[in-house]
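Trainee: Sequence:
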Amino acid sequence: MTHDPAIAISGLSKSFGPTLALDALDLTVHRGEVHGFLGPNGAGKTTTIRILLGLLRADAGTVRVLGSDPWAEAVDVHSRLAYVPGEVTLWPGITGGETIDLLAKLRGGVNPRRRAELLARFELDPSVKARAYSKGNRQKVALVAALASDAELFLFDEPTAGLDPLKEMEFQHCVRELVGEGRTVLLSSHLLAEVEALCDRVSIVRDGHTVEAGTLTALRHLRSTTIDVETERPATALATVTGVRNLIVDDRHARFDVDATNLECVLRVLTDLGVVALTSGKPTLEDIFLRHYTAVPASTTGAS
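Numbering that gives the first Met the number 0 applies: residue 0 is where the sequence shown begins, and numbers increase by one.
Among the clues, some could well be false.
[To be verified] Within a straight-line C-alpha distance of at most 30 Å, the following computed DSSO-like cross-link-like pairs (lysine-lysine) qualify:
(1) K281 to K166
(2) K134 to K166
(3) K134 to K104
(4) K166 to K128
(5) K104 to K128
(6) K166 to K104
FYI, nobody ran anything at the bench for these hints, they're computed from the structure.
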């Protein structure tokens, strides 16, 4: 069994005319993991996925998918991966079941039992013509077709767009099952709770390049702690303490963020002020994500 990454991208660049969509982007997805791929619209996520699929050719850098070049060896790569976009377009004149079967035949067939199981889990009626499906049901067709395959690698680009919360949870169960079988998932999603629930590691991109990558634990460690405190005397002195941000003081109540390296100093200041009550919490993935894109505005010229 190979130990090479399922996806290995180094220095990936891609331009569309004068627009630089990807700027020396790096991404490594290990086999058997769920990897979150995060960034705002225009960060370069979809362009990256299209290059992974062999639909676009990179201008510079190296790209390997399951050890192969997705542009030069697209047939081999496509036989080993499954892809679900956030906007699914189906053939309007055939049913959802016929669509699933057609896509399965391109891969050599489908396990009927697995197909039936997924149709039940996602509550999809396969006898309905695609033109009559809602957005959520079109999404279910693509998900069933992908999840019923024997792919090694799954590329999900906003896969639960249009699904209700119960089906989002069902998707999460399916992803956990895939990883339990040793498969690999790259998940691009704006549902940060979904990424937080599923992903082993995440990469955050902005303006076409990676700004942060690592485990959720490591990323939280690099970021601040949020403190909500009531003190005997107003905590205005915190405004001058290094590492304190977003300070809000309302008489004897204060709320703020503090960098981990400055936490000890802050606690000493609070002790001097007389702590009446204090709560603290680690930042959520959403906190981490927003800090990247509020501190430095993202370019409006990138590709999605």
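Trainee: Is the hinted pair K166 and K128 satisfied, with a Cα-Cα distance of at most 30 Å?
Mentor: 21 Å, holds
Trainee: Taking 30 Å as the top limit, are the C-alpha atoms of K134 and K104 close enough?
Mentor: 24 Å, holds
Trainee: Given the proposed pairing of K281 with K166, does the C-alpha separation stay at or below 30 Å?
Mentor: Given pair K281, K166 holds - Cα atoms ~28 Å apart, limit 30 Å.
Trainee: Is K134 within 30 Å of K166, Cα to Cα?
Mentor: 13 Å, holds
Trainee: Checking one constraint from the list: CA of K104 to CA of K128, max 30 Å. Satisfied?
Mentor: 19 Å, holds
Trainee: Against the 30 Å threshold, does the CA-CA distance of K166 and K104 hold or violate the hint?
Mentor: 26 Å, holds
In this structure, none of the earlier numbered hints is contradicted; all agree with it.
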